[in-house]
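Number of protein chains: 2
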Amino acid sequence: MSVVVQKYGGSSVADTEKIRKIAEGIIERKKTDPKMVVVVSAMGKTTDQYINMAKSVTDKPCKRELDALLSTGEMISASMLAITLESLGCKAISYNAYQLDIHTSGNHGKSLIDDINVDRIKESLDQGYVVVVTGFQGINDEGDITTLGRGGSDTSAVALAVKLEGRCEIYTDVDGVYFTDPRTYPEAKKLDEIEYEEMLELASLGAKVMHSRSIELAQKYGVELYVGRTCGTVKGTYIRGGKNMKLEDKVITGIATSDDDSSITIKDFGVEDVAALFEDIAVKSISVDMISQTAPIDGKLSVSFTIPKDDVDDCVELVKKYVSEDSIVVDNDITKFSLVGLGMKHTAGVASKVFRIFKDNNIKVKLITTSEIRITCAINSSDKQVAIQKMCDEFNI
Amino acid sequence: MSVVVQKYGGSSVADTEKIRKIAEGIIERKKTDPKMVVVVSAMGKTTDQYINMAKSVTDKPCKRELDALLSTGEMISASMLAITLESLGCKAISYNAYQLDIHTSGNHGKSLIDDINVDRIKESLDQGYVVVVTGFQGINDEGDITTLGRGGSDTSAVALAVKLEGRCEIYTDVDGVYFTDPRTYPEAKKLDEIEYEEMLELASLGAKVMHSRSIELAQKYGVELYVGRTCGTVKGTYIRGGKNMKLEDKVITGIATSDDDSSITIKDFGVEDVAALFEDIAVKSISVDMISQTAPIDGKLSVSFTIPKDDVDDCVELVKKYVSEDSIVVDNDITKFSLVGLGMKHTAGVASKVFRIFKDNNIKVKLITTSEIRITCAINSSDKQVAIQKMCDEFNI
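Taken in sequence, the protein lines are chains A and B.
Residue numbers for the first sequence follow full-length UniProt numbering, beginning at 1 and rising by one.
Residue numbers for the second sequence follow full-length UniProt numbering, beginning at 1 and rising by one.
You may find that some hints are simply not true.
You can't tell identical chains apart in this list, so a pair holds if it fits in one copy or across any two.
With a straight-line Cα cutoff of 27 Å, these simulated DSS-like cross-link-like pairs (lysine-lysine) come out [unchecked claim]:
#1 63 / 18
#2 55 / 91
#3 220 / 345
#4 55 / 45
#5 21 / 55
#6 45 / 18
#7 60 / 18
These are calculated hints, taken from the structure and not from any lab test.
The task is simple: from the sequences and hints, build the whole structure.
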């Protein structure tokens with residue numbers, strides 16, 4: 001009997017009543033799938049509350065200690081779910097990152113899972129327990145608590161599914177994966193299935209349904225993912241591989257937007273410093289997304305790139321090592337707007353059509369990056385709504 | 001340079017402003033005592049909130065999971081204090097029970113510390129860090145989180161002082177140890193010093209300033225304790241051994257009262273079952289305090305004893321194995337009223353004087369137990385105030 005790993009996000013475990021509903025669903029499901037592992041996020045807005053508490057003390061809380069603080073949120077929800085399951089007559093046991101040795105490497109707040117020891121989980125499953133696991137957290141070589149970054153519980157769940165050779169189901173507050181964010185574009189339709197590759201582009205570009213690292217991991221090990229609404233009745237979306245998926249023929253599968261990044265532009269930047277700067281940024285685990293560079297004139301060039309808004313201060317500090325403050329321009333008013341579709345591989349002229357639509361609607365494109373199956377433009381946040389509407393009209397989605 | 005272990009209770013770390021004040025005090029103190037270890041309780045009423053949350057789900061939350069839940073309270077306060085110290089320019093590092101292997105045995109919720117690995121603490125102290133440790137928690141043989149029971153952070157602090165061969169200072173929301181609870185008897189005076197043995201009787205009888213196990217531990221290893229107000233200016237109370245203490249000559253050093261217990265009386269109880277029942281109770285780690293038994297008639301006797309109110313339900317279940325429910329009487333309206341003093345050893349007639357005072361004031365005595373230096377009576381809670389007043393008058397305290 002294969003293991004089912006379910007993951008419930010913060011809104012699904014926001015209070016004791018919601019936890020009880022999940023618990024009832026798990027007990028029902030256990031009748032057909034007796035080996036259940038449940039990964040939980042922190043209850044509701046707990047993580048934000050802790051971050052705010054720490055930031056009320058200092059702008060830059062010590063990262064080791066912040067991770068220790070944040071990790072308690074998942075410990076609370078995991079033990080509360082186990083208490084609730086037990087109270088309903090279902091054997092349950094919670095495990096945290098220490099107990100499973102969820103071993104991580106990399107920087108605090110952005111750690112990567114190296115390995116998980118699933119012996120205790122297997123033993124507990126064999127004894128008939130529902131196993132509840134704290135998402136989002138790990139332990140590094142020093143024995144310090146680490147966290148995996150926002151949405152990291154998805155990655156925890158997929159990693160467990162990989163190690164347990166099971167399936168993985170992500171439960172959230174939407175019905176599944178939409179071709180674009182239904183909050184911005186209410187006519188958006190839910191997809192029944194999507195390829196890893198397409199989902200990866202959508203996720204990494206701001207479709208907040210899933211953490212992109214979790215999809216990479218699922219793709220790498222061929223774990224089928226299911227995304228659906230917690231206690232929902234509508235069928236969700238399967239994320240899987242395979243060439244015979246119908247979706248492949250569509251030009252555009254999804255539109256993703258993200259307001260989480262800022263752009264930094266550096267003028268009069270020395271040609272020889274570019275590599276060094278991006279190395280400095282990488283060491284700090286700041287993920288650079290869109291990079292655009294002009295051709296150098298007299299050994300000087302301009303370069304623009306986007307990074308998460310949270311990392312702007314850290315990044316500007318790094319840039320200041322190379323140029324004076326006058327040469328650095330930060331733009332916080334950007335939306336990354338991305339069109340994704342495997343069909344782009346075989347369809348010419350998608351990019352030119354996109355640029356034409358932007359131009360005709362007076363939408364200023366600040367930065368552009370593309371891949372085989374994706375076109376991303378940084379535009380003003382105020383243009384987002386119009387851009388989605390026009391793209392849907394023009395591409396008949 | 002010897003290590004100073006400080007412990008701050010929940011009210012001392014109730015919010016970020018209070019944590020900042022403590023942090024400033026620690027930084028100041030570090031100038032003269034560079035090796036500082038700080039044990040913290042959970043912030044404010046956090047532990048109660050967690051217990052209430054769990055009890056809103058079920059009357060009897062699974063004890064393993066409840067311990068996992070409660071332990072997060074201290075993790076939060078420890079990392080918040082470390083963040084605050086760091087923000088004030090003081091190197092600080094927090095450790096939880098896993099990181100120090102605070103090894104415990106015994107039942108969940110009432111575990112005993114077997115050992116602590118202080119290697120990491122010593123290393124961090126040598127590197128100039130203030131070491132912040134989560135109180136109240138440990139890890140058992142199974143790697144499960146345990147808690148030490150109410151007030152267990154005091155025990156954590158003393159255990160660390162033992163292992164680090166340091167001094168131990170307990171900071172709380174009162175100026176020190178009083179001869180009786182100043183909330184009940186406002187004229188109560190603070191003691192400058194007190195013997196372990198006397199403090200132990202007071203603490204175990206309900207003087208809530210300190211956890212009695214922590215005093216036993218301090219006595220066993222000769223660790224000097226200091227109890228004082230957090231950020232206070234008044235000198236607190238030293239708890240230490242030594243025959244030359246002035247206090248020894250006083251007949252009564254302190255009066256302790258506790259409303260935390262209930263009494264259970266069993267009628268028509270088989271003589272042969274007494275030992276078996278108390279064994280059953282011991283297995284459940286329920287601490288029985290006052291035991292009073294009548295002489296058996298026809299192989300049947302009556303027995304009364306007090307136990308913590310929280311354990312009444314569990315205990316009644318055990319008793320039901322031996323007698324029908326009709327034979328069990330639970331009395332929740334009792335106050336344990338205790339007079340403590342090393343001087344009692346050498347002074348005749350203290351007990352008879354105490355009973356005379358109760359009788360003259362129409363205070364009904366329900367149960368009596370005594371030791372060499374203590375007389376304890378269970379009385380109605382409503383008589384507590386009068387009893388303290390009269391004892392103070394009659395014994396000139």
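Status of each hint after checking the structure:
When the C-alpha separation of residue 63 and residue 18 is checked against a cutoff of 27 Å, the pair qualifies only between copies, where the shortest distance is 22 Å, while the shortest distance within a copy is 31 Å. Taking the shortest alpha-carbon separations for residue 55 and residue 91, only the inter-copy value of 18 Å comes in at or below 27 Å, while the best intra-copy value is 39 Å. For a Cα distance limit of 27 Å, the shortest separation of residue 220 from residue 345 inside one copy, 21 Å, qualifies, whereas the shortest one across copies, 77 Å, does not. When the C-alpha separation of residue 55 and residue 45 is checked against a cutoff of 27 Å, the pair qualifies both within a copy, at 15 Å, and between copies, at 22 Å.
Only between protomers do residue 21 and residue 55 lie at most 27 Å apart by alpha-carbon distance; the minimum there is 17 Å, versus 33 Å within a single protomer. Proximity of residue 45 to residue 18 under the C-alpha cut-off of 27 Å is found in both arrangements, the shortest distances being 14 Å within a copy and 24 Å between copies. Taking CA atoms no more than 27 Å apart as the test, residue 60 paired with residue 18 passes between copies only; the shortest distance there is 20 Å, against 34 Å inside one copy.
Checked against the numbered hints given earlier, this structure breaks none of them.
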